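**Q** Model the full assembly from the supplied sequences, consistent with the hints where possible.
Which chain is which? The protein sequence lines are A and B, in order. Residue 84 in this note's numbering sits at position 84 of the first sequence, and the numbers go up by one each step. Residue 401 in this note's numbering sits at position 401 of the second sequence, and the numbers go up by one each step.
Since the hints were made in silico from the structure, they are not lab data. Note that the structure is predicted; figures quoted are calculated from it, not measured. Some hints here could point you the wrong way.
Said to hold, decoys possible - What the simulated footprint calls covered on chain A by chain B, stretch by stretch (three residues with Cβ under 8 Å from a Cβ of chain B suffice, anywhere in the stretch; the number is not a length):
(1) 13-19
(2) 22-36
(3) 90-101
(4) 105-115
Unchecked claim - Quick list of in silico lysine to any residue cross-link-like pairs, SDA-like style, CA-CA up to 25 Å:
(5) A:K80 x B:R417
(6) B:K274 x A:A44
(7) A:K80 x A:D16
(8) A:K80 x A:E61
(9) A:K80 x B:A427
(10) A:K80 x A:T24
(11) B:K274 x A:A33
(12) B:K274 x A:Q95
(13) B:K274 x A:A20
(14) A:K80 x B:M209
(15) B:K274 x A:H12
(16) A:K80 x B:L268
(17) A:K80 x B:H344
(18) A:K80 x B:S363
(19) A:K80 x B:T213
(20) A:K80 x B:R422
(21) A:K80 x B:I415
(22) B:K274 x A:M81
(23) A:K80 x B:S275
(24) B:K274 x A:E119
(25) B:K274 x A:P39
(26) B:K274 x A:G13
(27) B:K274 x A:E61
(28) B:K274 x A:E94
(29) B:K274 x A:D40
(30) B:K274 x B:S363
(31) B:K274 x A:Q87
(32) B:K274 x A:P58
(33) B:K274 x A:N120
(34) B:K274 x A:M111
(35) B:K274 x A:T68
(36) B:K274 x A:A93
(37) A:K80 x B:Q360
(38) A:K80 x A:A134
(39) A:K80 x B:S354
(40) A:K80 x A:T68
All C-beta atoms, glycine included, are put in the ideal place defined by N, C-alpha and C.
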Amino acid sequence: MSALTESLRHHHGYCDDLFAAAETAVAAGRWTAAQQALPDLHAALESHFLGEEEILFPAFESATGMETGPTQVMRFEHEKMRALLVQMGDALAEQDAEQFAGAAETLLILMQQHNMKEENILYPMCARTLAGQAAVLEPLLRERLRRT
Amino acid sequence: MRPELSFEQAPPLDAPLRFFLAAPWFGAAAGALLSISGGEALASRWTPAALAATHLLVAGFMLQAMCGALLQFVPVATGGNVWRPRWVAACTHPVLIASASLLAAAFLSRHGALFAAAAYGFALALGCFGVVVGSALWRTPARGATLAALRIALTGLGATAALGIVLATGIAHQAGWPVQAVTDLHAAWGLGGWALILLAGVSFAVVPMFYLTPAYPAWLTRGLPVLALGLLLAWSARFAAADAAEAALFQIAGFGLGGLFAAATLRLQGRRRKSGDASLLFMRTAMLSLLALPAAALLFVALPELRPDPRAAVWLGVLALVGVFVSAINGMLYKIVPFLGWLHLKGLAGPRESVPTMRQIISERAMRGQFRLHLAALSMLLAAVWLPALARPAGLLFLLSCTWLGWNLSAAAGILRDFRNRIRANAGDRRS
Numbered sequence: 001m002s003a004l005t006e007s008l009r010h011h012h013g014y015c016d017d018l019f020a021a022a023e024t025a026v027a028a029g030r031w032t033a034a035q036q037a038l039p040d041l042h043a044a045l046e047s048h049f050l051g052e053e054e055i056l057f058p059a060f061e062s063a064t065g066m067e068t069g070p071t072q073v074m075r076f077e078h079e080k081m082r083a084l085l086v087q088m089g090d091a092l093a094e095q096d097a098e099q100f101a102g103a104a105e106t107l108l109i110l111m112q113q114h115n116m117k118e119e120n121i122l123y124p125m126c127a128r129t130l131a132g133q134a135a136v137l138e139p140l141l142r143e144r145l146r147r148t
Numbered sequence: 001m002r003p004e005l006s007f008e009q010a011p012p013l014d015a016p017l018r019f020f021l022a023a024p025w026f027g028a029a030a031g032a033l034l035s036i037s038g039g040e041a042l043a044s045r046w047t048p049a050a051l052a053a054t055h056l057l058v059a060g061f062m063l064q065a066m067c068g069a070l071l072q073f074v075p076v077a078t079g080g081n082v083w084r085p086r087w088v089a090a091c092t093h094p095v096l097i098a099s100a101s102l103l104a105a106a107f108l109s110r111h112g113a114l115f116a117a118a119a120y121g122f123a124l125a126l127g128c129f130g131v132v133v134g135s136a137l138w139r140t141p142a143r144g145a146t147l148a149a150l151r152i153a154l155t156g157l158g159a160t161a162a163l164g165i166v167l168a169t170g171i172a173h174q175a176g177w178p179v180q181a182v183t184d185l186h187a188a189w190g191l192g193g194w195a196l197i198l199l200a201g202v203s204f205a206v207v208p209m210f211y212l213t214p215a216y217p218a219w220l221t222r223g224l225p226v227l228a229l230g231l232l233l234a235w236s237a238r239f240a241a242a243d244a245a246e247a248a249l250f251q252i253a254g255f256g257l258g259g260l261f262a263a264a265t266l267r268l269q270g271r272r273r274k275s276g277d278a279s280l281l282f283m284r285t286a287m288l289s290l291l292a293l294p295a296a297a298l299l300f301v302a303l304p305e306l307r308p309d310p311r312a313a314v315w316l317g318v319l320a321l322v323g324v325f326v327s328a329i330n331g332m333l334y335k336i337v338p339f340l341g342w343l344h345l346k347g348l349a350g351p352r353e354s355v356p357t358m359r360q361i362i363s364e365r366a367m368r369g370q371f372r373l374h375l376a377a378l379s380m381l382l383a384a385v386w387l388p389a390l391a392r393p394a395g396l397l398f399l400l401s402c403t404w405l406g407w408n409l410s411a412a413a414g415i416l417r418d419f420r421n422r423i424r425a426n427a428g429d430r431r432s
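**A** And the structure:
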């Protein structure tokens, strides 16, 4: 794994931890803990999405000329995950554990499938294509992820 | 077809879904057959009813679910570009349904023409399916343990189908094949080379994903499919000459590999960070059954009074087919169908339109209820091998469990259809 995308890959694991904390808190009826855990997850995912959408993907698209390819699919999936986070937030506000669990379950699989495609396919493509720009892009990505 | 990476989430929903929706009804047919035939069906693996029920499960339930899963899984997990999945599904799916039904009828009626028709149907449908999926698997530039396992599994399917076609056409044309030896080889490739390796390859990717567990150890994901393939090739070279002791050794080694995979999966699931659900209960049942197989096989070899009893092989067969594969497939369908449904609706709906979540597509309560029935059916089927009076109620319970699964999946498809129509009607209203 290239250093360029290593921080993003590592951040996937961090987001998994935050997801597990939020889901476990709701399943146990610990609503106060969940009210802390869900915004943490939301913030971490948002900074991850923005790191990709504002730094990695534009560099890849400009290097390859592919603006409607894999990065567009990833952006669409980010939108779907954002919508599910909103649904989870609504369920949390209403303390509706069943509704929260349904949205969380869906987010988890979407997120894991998305991460698998990024780690197995897109990140290696980015690492190859952007090898010459890694020294510039990598600190920017790390800085973006550190904000959560 | 270019060897490009597929970044689309999945093929159109109806391509895998038609396979998933059909699968449970073959299980229901197997249960109905047992409830009609009674205890005699389980007296040996060679009774017409046992052969028909076995093939309703393996060439019906399991093959349907696994072909559907491959169409869905290959693009997502390996980036493989499956050529026209909707068209491939539309062509192969009806032929596979007809072939599995004909095969079960052939075993019950011993009619040569039915065996021949089933064999040609499988050759046509699996030939077409294998070329398309194989091409995607071998042309993708991606790498990894799941991809290697899927390639071996597809090779296993090819070997199983070829041996099955040889057997069926041999019976149809009354050729003098050594039927028992070739059948053992056919079963070994089917259960070990195709079903187990596919289950392992898919699990390597989805167990960490569905249950938030750590990844499987690399030595297992790299080693298990290759070891299983090596064992099957060694057995294929020896099967004609091997004596009973050597055959038992190969069988226990094969079950041992399955047990290793089961132990690793149970260990990972024990370290999961996600709350449990019905799908996890099914997967745990599958893995405990897989873990019990080598122990039971060893016990049957060690006990002289059981060694010659034909019911020992039937008991192992029930544990493998219903305990391992039906349980695992059932559990995975409860994740895959609601997720694909949600993805499909989300793709149709506008960004602000809400669509049902996975648990609104199939409720946790319905899944847990069916799990309890499945567990009761499995327990009674295992007991019925030794207590023939239980065969009819066991068959009935399995029929009910598969019907409930079929109902849950069909109801999910109904919810998807209703929402799709509503989304399209709303879009029409906005335009007019």
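**Q** Taking the hints in turn, state whether each one holds.
**A** Evaluation of the provided hints:
no.	hint	verdict
1	13-19	holds (count 3)
2	22-36	holds (count 3)
3	90-101	holds (count 3)
4	105-115	holds (count 7)
5	A:K80 x B:R417	20 Å, holds
6	B:K274 x A:A44	19 Å, holds
7	A:K80 x A:D16	17 Å, holds
8	A:K80 x A:E61	21 Å, holds
9	A:K80 x B:A427	19 Å, holds
10	A:K80 x A:T24	22 Å, holds
11	B:K274 x A:A33	16 Å, holds
12	B:K274 x A:Q95	19 Å, holds
13	B:K274 x A:A20	6 Å, holds
14	A:K80 x B:M209	18 Å, holds
15	B:K274 x A:H12	16 Å, holds
16	A:K80 x B:L268	29 Å, violated
17	A:K80 x B:H344	12 Å, holds
18	A:K80 x B:S363	22 Å, holds
19	A:K80 x B:T213	23 Å, holds
20	A:K80 x B:R422	20 Å, holds
21	A:K80 x B:I415	20 Å, holds
22	B:K274 x A:M81	18 Å, holds
23	A:K80 x B:S275	23 Å, holds
24	B:K274 x A:E119	21 Å, holds
25	B:K274 x A:P39	18 Å, holds
26	B:K274 x A:G13	14 Å, holds
27	B:K274 x A:E61	36 Å, violated
28	B:K274 x A:E94	22 Å, holds
29	B:K274 x A:D40	17 Å, holds
30	B:K274 x B:S363	18 Å, holds
31	B:K274 x A:Q87	19 Å, holds
32	B:K274 x A:P58	34 Å, violated
33	B:K274 x A:N120	23 Å, holds
34	B:K274 x A:M111	14 Å, holds
35	B:K274 x A:T68	35 Å, violated
36	B:K274 x A:A93	22 Å, holds
37	A:K80 x B:Q360	17 Å, holds
38	A:K80 x A:A134	29 Å, violated
39	A:K80 x B:S354	11 Å, holds
40	A:K80 x A:T68	18 Å, holds
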